[in-house]
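Residue numbers (our numbering), protein chains in the order written: chain A, 1 to 305; chain B, 1 to 668.
Hints listed in this document are in silico derivations from the structure and should not be mistaken for laboratory results. Check the hints yourself; a few may be wrong.
Stated by the list, open to error - Derived pair list, reagent style EDC-like, types lysine to aspartate or glutamate, alpha-carbon separation capped at 16 angstroms:
(1) K168(B) to D236(B)
(2) K114(B) to E61(B)
(3) K32(A) to D51(A)
(4) K591(B) to E205(A)
(5) K168(B) to D79(B)
(6) K58(A) to E564(B)
Everything numeric in this text was worked out from a predicted model, so none of it was measured.
Here is how the chains run, residue by residue.
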Amino acid sequence: MTTAPLLALALALLNVAVALLLSPLAEGVMRKLKAIVHSRQGPPLTQPYLDLLKLLGKEDLRTTGGLPYALAPALSLGSVLLLATLVPLGAAPPLGFAGDLIVLIYVATTSAVALILTAFASGSPYAAVGGSREMMMLLSVEPVLAVALVVGAVKAGTLSVGGILAWNAEHGPTISMAIAAVALFLALQAQAGKLPFDIPEADQEIMGGPLIEQSGPRLALFRWALWAKQLIFALLLVQVFVPWPHLGIVPLDVVLTLVKALLVLVLVGVIDAVNPRLRIEQAMGYYMRVALSALAGLAFAVIGM
Amino acid sequence: MSIAELLAVAITVLLVGAVASLALARWRRLAGWVSTAFVAAAAIAIWVVVLRAFSSPAEGEATVLVLPGLGARLSVVVDPLSAFFLAIVATIAVVATLYSVDYMTHFAGNTLAKFYPILLVFFAAIVGVLVVSDFLFFLVCWELMTLTSFFLVTFERENAASQRAGLKYFVITHAATLCMVVAALLLWRECGSFHFGDLLAALAQLLVTRPVLAHTVLGLLFIGFATKAGVLPMGDWLPDAHPVAPSGVSAALSGALVKMGIYGLVRFFCAVLPASAAAVGWGIAIALAGTASLFVGTLTALGQTDSKRLMAFHTIGQIGYICLGLGVGIACLRSAPTLGALAIMGALFHAANHACFKACLFLGAGAVLYRTGERDMNRLGGLAAAMPLTAGSSTVASLAIAGVPPLNGFASKWLIVATCLLAGMRQPLFLILGLVAMFISLATLASFLKVLGAVFLGEPNPERQVSEVPATMATAQIVLAALCVLLGVLPFWPLRFIREAVAASVPITVPSASELLGGPWGLSVAGGGVALAVWSPLALVGGMVVLALVAYGLQRAGGAGTREVAVWTCGEEHAAATVRYPASSFYLPFKHAFEGIYPRIRWRVPAFPAGVRRAFDVDSWAYQPVARLVERSAGAVSRSHVGVPQVYLLWIVVGAVAVVAIVLGLVG
Chain A
1 MTTAPLLALA
11 LALLNVAVAL
21 LLSPLAEGVM
31 RKLKAIVHSR
41 QGPPLTQPYL
51 DLLKLLGKED
61 LRTTGGLPYA
71 LAPALSLGSV
81 LLLATLVPLG
91 AAPPLGFAGD
101 LIVLIYVATT
111 SAVALILTAF
121 ASGSPYAAVG
131 GSREMMMLLS
141 VEPVLAVALV
151 VGAVKAGTLS
161 VGGILAWNAE
171 HGPTISMAIA
181 AVALFLALQA
191 QAGKLPFDIP
201 EADQEIMGGP
211 LIEQSGPRLA
221 LFRWALWAKQ
231 LIFALLLVQV
241 FVPWPHLGIV
251 PLDVVLTLVK
261 ALLVLVLVGV
271 IDAVNPRLRI
281 EQAMGYYMRV
291 ALSALAGLAF
301 AVIGM
Chain B
1 MSIAELLAVA
11 ITVLLVGAVA
21 SLALARWRRL
31 AGWVSTAFVA
41 AAAIAIWVVV
51 LRAFSSPAEG
61 EATVLVLPGL
71 GARLSVVVDP
81 LSAFFLAIVA
91 TIAVVATLYS
101 VDYMTHFAGN
111 TLAKFYPILL
121 VFFAAIVGVL
131 VVSDFLFFLV
141 CWELMTLTSF
151 FLVTFERENA
161 ASQRAGLKYF
171 VITHAATLCM
181 VVAALLLWRE
191 CGSFHFGDLL
201 AALAQLLVTR
211 PVLAHTVLGL
221 LFIGFATKAG
231 VLPMGDWLPD
241 AHPVAPSGVS
251 AALSGALVKM
261 GIYGLVRFFC
271 AVLPASAAAV
281 GWGIAIALAG
291 TASLFVGTLT
301 ALGQTDSKRL
311 MAFHTIGQIG
321 YICLGLGVGI
331 ACLRSAPTLG
341 ALAIMGALFH
351 AANHACFKAC
361 LFLGAGAVLY
371 RTGERDMNRL
381 GGLAAAMPLT
391 AGSSTVASLA
401 IAGVPPLNGF
411 ASKWLIVATC
421 LLAGMRQPLF
431 LILGLVAMFI
441 SLATLASFLK
451 VLGAVFLGEP
461 NPERQVSEVP
471 ATMATAQIVL
481 AALCVLLGVL
491 PFWPLRFIRE
501 AVAASVPITV
511 PSASELLGGP
521 WGLSVAGGGV
531 ALAVWSPLAL
541 VGGMVVLALV
551 AYGLQRAGGA
561 GTREVAVWTC
571 GEEHAAATVR
581 YPASSFYLPF
591 KHAFEGIYPR
601 IRWRVPAFPA
611 GVRRAFDVDS
621 WAYQPVARLV
631 ERSAGAVSRS
641 HVGVPQVYLL
651 WIVVGAVAVV
661 AIVLGLVG
C-alpha cells in the first residue's frame, strides 16, 4: 500500500498541472469560438497564454498596502488549485481522502472570498459594486451546486466525491442525476463568469468590477484563477455526473474527460456569444428557479430513480 | 482538594472579587485589574475542575444542604457535560473581564460600582447553573444569572434604548423561567424530588405511561431553554439586549449566557429522548426550530447596518446551527449511534466555537466603538490601517463564523451539515435542512464580508484620527482569534473531550473516539467500514500553503515592480467619503428579496377595565386621602403655634381655668 500516497500525489500534481496549464487554452478556444459566432477573425488560441505572460511582467500598481492585500491573488489562485485536487480527473479526487463534497463546496467559495475582500480593500467604488454583485451571484449559484452534489450523494449513499463518481460509473444514467447534471451545467455559466451572467465584472458598466484596480501580475493571477475555475467546474460536471464511458485505465480516462470538458466549455462559449447581460435580480431569480427545479432531482433520488 | 471544594473556592473568589471591586469602584482601571485578577484565579480553579472531570472517573455528588420537606438538596456534581461548558465560561469570563479594564474607562457618567461586582456575581451564577444537580437550586442560580445579566444590559442608565431592551429581556426571560418552574413542579408532583436524576427518570417513565403530560413538560422546558438560547421566536430579546450592553458584556452574553440554554437542552432532552419512541418527532421539531432560527436570523442580520445588532442576529443564526445538530442527533441516536453522537458532538463543538468567534467579533465591534464612537457601519471605513490588530482578529473571527476552511466554524458546521445530510438518507427532510444550512452559511459569509468591507477596508476617513486600542483590549481579541484557528486546525483534540460530554449525557452507549472520528489528523464519518464524509484540515492546509506559494512564485516570476497609486475614478477627482460604498448598499437586490422575513409584531398591551385599574391604584383611594386628612389637621394645629411666649402663657391660664371649672363642675 506504499504506492497509494505516491499515486495520490502524482494525480494531485496532474490535476494542478491541468488546471494551471490547460485552462488558458480552454479560454482561448472559447474566445475563438465567440469570434467565429460574431463573424470575426478572433485572437489565436494561444492568446490567453500571451496575455498572462505579458501581465506577469508589467508594473504592479496598488491603491493600498498591507500584507493580506499583497497575498490575496496568490491565495485566490492557490485555493482554486486546491479545488482542483478535490475534483476527479479520470480517477477519484487525489485529495478525496481529506475532503468530501461539503469541503469542495466551501473551498470553491474561498477564491471568491479573496477576490471580494481585495475588491473592498482597493477602495474603488466600482470594485465595491462588483464585489457586492460577485457575492450575490455566489449566493445564487451555490445552492444549485449544493443540490446537484447532494443528489449524487443520496444516490451513492456517501458524501465522498470519488464515491459518487464510482457509483455513477457503475450504475449508469438515472433521471435524478440527469436533472442534477442539467442544473449544474446551467450553474457553470455563472461559475465561469460568462454572459449572460458576467454581472460582477460587467466591463461596459463597472469596468471589470472587482478587478478594476488590479494590474500586472495581480491581474494575471486573478484571471488565471477564474479560467482555472471554469475548467475545474466543467471537469466536475463531466466526471461526476456524466462519467461514461469509464474505462478504468487512468490515462485514457483523463484524455476522455478533458475532451468532454472542452465540449462542455464550447457549449458555454456559444451561450456566452449569443446572449446579452442580465440584471443582477434577473440572474438571482433565474438561479433560484434552477435550484428549486433541481430539488425535483433530489425528490427522484430519494425515491430511488 | 475535591471537585466540590475547588468549586467552592472558585465561587468564593468570585464573590470576594465582587466585594473588592465594589470597594475600589472609584478607581476605574484598578477596579478592572482587580476584577480580572479574581476572575483569572477563579478560572484557574475551574480549569482544574474541568481537567479533573475529564481525566479521572466521575467523582460522586457533594451535598451541601438538604431540604427534606421539599425533596430538594443543594448538591454539586461535575460530569463531562458540565465540565465542557465550564471550560467555555471560564475562558470567556477571563477574556471579557480583561477587555473591560480599559473599555469601561469610557462610561464616565456611570459608576463602575454597578458593573464589576455584578459581572463577577453573574459569572458565579453561571458556574452555579452548570454544577448543581437539583432543579430547585438550578432555578435559583438561573434566576440570579438572569437578574445580574439584566443589570449588566441596562448598565447605561441614560440610554433609553438600553432600558427598553433590558425590560424586554426581563419580561421575556421571566416568562420562560415560569415555564421551567411549571415543568419542574409537574415532574416534582410525580416523583417528589427535585434531583436531576429523579426528574429525568420520572420524565422517561412518563413518556411511556402518560405521553401527553410528558410532552407538555418537554414543551415547557423547550420554551424555557430555547428562550435563553435565543431560538426564534422566543429569542426576540436577543437582538435588542446584546447591542446595548457594554461590549465586554455582549461578548459574555453571546459567549456564555446563551450557551446555558443549550446546556439545558442537552441536559434534559439528550438525556431522556434518544431512548424513547418520541425521539424522532422531537428531534425533527428541534431541528426545524433551529433551521427556522438560522434562516431568519442570518438573513435578517444581512440587512443590519448597526455592527453589534448585526452580530446579535448572527447569534440567533448560529444558535440555529447548534439546535439543528442537536435535533439530528436526538432523532437518529438510537437508530444510528455513530451518526447521532457525531451530530450532538458537532452541536456542542459549534457552541464552543461560537463562543470564541462571536465573543471576538463583539470585542472587535466594541474596539471600533471605543475608538470612533460609532456602531453605524455606514459611517465607518478604512480602519484596517489604523487598527491592524483589531482588523486582523475580526477578520479571522468573521471568516470563522462564515465557515471558511480551515477555521473552527468550518469544522463544526462540517460535522453538523455532514451528519444532517447523511441522516437525510433515512429521513429526507434532513436533506432539505442540510441544504438550507449550507446556503445560510454562505449568507453568513456575505454578511461578514460586508462588515469587513464597510468597517475595516477601503479608504480611511481623513478627518478621523484613530489609533489601535490599548493592549488589554487587543490581547483579549487576539487570544480569541488564535483559539478560532487552533480549534479549526486541530478539531480532533477538543472533540475527544466533547465525546466524553456526549457519552455522559445520553442514555445510549456512544462509540469510542477513534471509532467516531477516525485518526488524529482529521474527522470522518464512517458507515459500514467506509468513510462517508471526511475533513482533514492539516492535509488541506498543507496543500493550500504549497499551492499558494506556487501561485506567489508565479506572481513574482516576472519580476514586476510595485508602485502605490491613487484610486482611479474615471479621471474625475472625488473625496473618498463621497464615493464610498456604504454598508446599507451592499447586496441591495438580495436584501429586497428577503425583506420582511423577520416579523415585526406590534404588541398591544391589553388594558384592564377602568374599575379594576382604580381598585389596584391604592394610592388614589387610600393613601392620598389619608395623607391629605393628616396634612389638613396638622395645618389646623399648627395655626395655634405662633411662637410668642405670652400667647402660650395665656393658653396655660385659659387651660387651668377650664380644668378648674370642669373639676368644680364635676365635684359640685
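To see whether the hints hold, each was checked on the structure:
Between K168(B) and D236(B), the direct Cα distance comes to roughly 9 angstroms. Compliance with the 16 angstroms bound is thereby established for this hinted pair. About 35 angstroms separates the Cα atoms of K114(B) and E61(B), which puts this hinted pair outside 16 angstroms; it is violated. Restraint check: the Cα-Cα separation between K32(A) and D51(A) comes to about 15 angstroms, which is no more than 16 angstroms; the hinted pair holds. Distance hint between K591(B) and E205(A) is unfulfilled; the C-alpha atoms sit about 22 angstroms from each other, more than 16 angstroms.
This hinted pair does not check out: K168(B) and D79(B) have alpha carbons roughly 34 angstroms apart, beyond 16 angstroms. Proposed proximity of K58(A) and E564(B) is supported: the alpha carbons are some 14 angstroms apart, at most 16 angstroms.
The structure shown violates the earlier hints numbered 2, 4 and 5.
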